[in-house]
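J.: Here are the chains, one letter per residue:
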Amino acid sequence: MADLWLGFVVALQPINLLWGLAGVTLGTAVGVLPGIGPALTVALLLPVTYGLDPTAALIMFAGIYYGAMYGGSTTSILLNTPGESATIVTAIDGHQMARNGRAGAALATAAIGSFVAGTLATLALSVTAPLMVRLALAFGAAEYFALMVLAFVTVTTVLGGSGARLAGWVSLLLGLVLGSVGIDGLSGQARFTFGIPYLLDGLDPVIVAIGLFAIGETLWVISGGPGEDHVLPVRGSLWMTREEWRRSWKPWLRGTAIGFPMGALPAGGAELPTLMSYAIEKRLAARPDEFGHGAIEAVAGPEAANNASAAGTLVPLLTLGLPTSATAAVLLAAFQQFGLQPGPLLFEHEPRLVWGVIASLYVGNVMLLVLNLPLAGLWVKLLSIPRPWLYGGILVMASLGAYSVHRSAGDLLLVALIGIIGFVLRRIHAPVAPVMIGLILGPAAEQHLRRALSISQGDWSVFLTRPLSATLLVAAAAIVVFGVSRGRPAPGRIEP
Amino acid sequence: MRGVLLGRTVVIMLLAAAPLRAQSQLTIVAPAAPGGGWDQTARVMQRVLAKVEPGTSVQVDNIPGAAGTIGLARFVQSERGNPNALLVTGLVMVSGVITNASPVSLSDATPIARLTGETEVIVVPAASPHQTLGDLVEAFKKDPGSVSWGGGSAGGTDDLLVRLLAEQVGLPASRVNYIAFAGGGAALAAVLGGQVTAAVSGYGEFAGQVAAGQLRPLAISAGERIRGINAPTLRESGIALDLANWRAIVAPPGLSDAEHDALIARVTRMANSEAWKEAIGQNGWDDLFLAGAGFRQFLLAEQARVSAVLQRLAATDAAGPARFTLAVTPTTVPNATVVIFGLLVAGLGAARLRVHAPAVSPSPGRRMAALLGLALLLQPILLLTAGFVATSTVMFAITAAAWRGVRPALGTTAWDVGVGVIFATAIFFVFTVGLGVTLPGSSLFTFPFSLP
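So the sequence lines, in the order shown, correspond to chains A and B.
Residues in the first sequence are numbered from 1 upward in steps of one, following our numbering.
Residues in the second sequence are numbered from 1 upward in steps of one, following our numbering.
FYI, nobody ran anything at the bench for these hints, they're computed from the structure.
Values in this document were obtained by computation on a predicted structure and should not be read as measured data.
Fair warning: there could be bad hints in the mix.
[Said to hold, decoys possible] Not everything, but these chain B residues come out facing chain A in the computed CB check (under 7 Å):
no., residue
1, 40
2, 189
3, 192
4, 333
5, 335
6, 336
7, 339
8, 343
9, 348
10, 349
11, 374
12, 394
13, 396
Backbone N, C-alpha and C define an ideal beta-carbon position, used for all residues, glycine too.
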């Protein structure tokens, strides 16, 4: 705790506060702009910060990272266009809330949930980092595969909801097929690429999500699919009602509990905890049938999970020098530029810097909340733009987002094709969210399975003889056996 | 009247944007995402060149994908004859060209210079029974499958090193139980946790853990010992092999000799500067500068060595017996999903036919959606020919018009175009001027006025 105190002394110096403010503001801005993620921003700023004091520069970078996590949810909710993979899940119900006239509440629950999760996870980071590291290192390929099985079992609740269970499976398998396109990470062999170089790197989940959600939905609305235009003006309180507070606080806490440890796992990533949080909230919800139509829990939980996992990725980065996300990789490069070697010795050699950065995260979370709550009121005004221009704007921003991820015109063609697929799926009343689940979880599960078998030289018993892996598989089995009665679909609702 | 006004606004905006193009510009293409070694090389060059050549504005362009071969293909095609473009490349691209069956190879570009390299290191956990490389190699020769080697992506430098090592100790390259991880970070976690027997990566990735005594370095792949690294070379350990993860600079094809020499001189001046030496030290790279004919020969030798081992590997992979029973091969899972997906779709289709849904005549809304879908499919072509602002304006107007074709709404098409132009131009400036992200837009600005 004395260390953390030292950190606050560093972080609260006026000059460092200023850099922190610059970071979170910039981060929020790049989070809102489609296709400009925190990784690219930090990379662009690296040369500029060369002459800066390392502590100040790293405080700013950490601010950008956190700020982008806040900002990314804004486009997901308002424009149905996720800016980065961590906010894909937010788009599913967040945008539906906006269409129901509750955009303000969706943005508020995202901002407050991010604050709660960010603060709690930063606290966890400063207290449990050494413990988390040991847990993270105990995770081998077998454990990851068992975790993926558990994730699959949990998220199958997302598949149906109406009588169209089969349609949900079609969506899931479509996602799995799309996910296996590209070079196989383990063998280097190209799969389903048909000799097209563009396909070698696989399909980027962000681009697929933009196509499915933003483009697909625009086509669907224009065709008159959902009947009347559903976008309602903001109704009720601009902020969250008492009822919405009551429904939000538990998902915030659960999201934090899921997000932080998974973020700390070296191969966890930001998508898995958000998906898990969504599925768990749906299982626990009093009215699971609301999911997909604007349930506030489905925004509160994943948003908290996403911010908590951002704090979680700092655990392996600071303690092991191990980057587990694109942004963490760029942050690592930033450390190295200043001649610092993240790793076990960093805490000993540079306590002022490490604890200063950690303390600045607390400060940054407060700044972000102060910055984002008034902004939410401003963003909501976007929805009062005349419909034709709103959809024109969504289409342009979605195309720009797809293009600027890799600056490739091929991505624009892909986003158009996926958009048309998204339209067809809506036409046959198949849910679109399972496509994303298959796309994200499928390749990861397959890689971990093959890696585990390769290490064990083909011995399948490895999944059961390793205690952690066996525990996870037993938990998955328990959900299958006991959890079937939960989340039974309410009749008569049509999936979006 | 309104239309004229709008038109005039457009022309003024285009004129205002025309001088955006800088005079003396050098583009460095990093064929990878931000953060990796190629990107860092490009950005360090950008920084150093700003000091060495104050008049030049240097721009870094990231074109990630497929071990850099996507960036290479685009560079060779679109920059032909341009004496102000450079591409960062390296060993990984040499093998990437082969494993991805890329139609464009490094021989299609003009070699300029090798700049830096990083030595590879073989490590084991501190608790491992293997004290020296000799111990590890002995265990490997006795039962190749039981020694798992963690490292970066398949076909990358780490993979190549282990395969070459296997051939040096008399085992076929295909007998290596190589576990590919997404980057050195994940491999680091696996070796720290004792999930794999040994791990291979650039020294920088493991330096922190080696210093803390959690990992034991058994050997480095550099030709000579490196100051500050307490590990013998492979040669000292009795294995006649050295390999560096080198990075280099190439220029587009179709340059005149004078242009080629000028580029070599520029890069040489940069590499001899104090700022460059300092940056190399900071990033923990080794200075492997080699320009001109020497680099050309080095490149040919590396291409020959890498393609030989990869070909032998592919040949034994194809002919070799199944290594594991009940094996999950690279094709098992994808093929299974495709089959199940096909069955499901067929089942769903049959169910639909039986229900016999009444045929719906295409509504105006459906027609509008089809129109917009077509526009979306044509958008990439439009973007590359007409630029971002024009394309976005067109898409904006089509979407708005499609909307208006179905239901009554405020405004007219002229207004749609006007709002679209303002919107698209504003975004264009935010991205290109504010953030320094290139959008295909300069072509639009030059197109109507044909500036050079």
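J.: Evaluate each hint against the coordinates.
T.: Results for each hint:
no., hint, in the structure
1, 40, "holds (6 Å)"
2, 189, "holds (4 Å)"
3, 192, "holds (5 Å)"
4, 333, "holds (5 Å)"
5, 335, "violated (9 Å)"
6, 336, "violated (9 Å)"
7, 339, "violated (10 Å)"
8, 343, "violated (9 Å)"
9, 348, "holds (6 Å)"
10, 349, "violated (10 Å)"
11, 374, "violated (9 Å)"
12, 394, "violated (10 Å)"
13, 396, "holds (4 Å)"
In this structure, the hints that do not hold are numbers 5, 6, 7, 8, 10, 11 and 12, in rising order.
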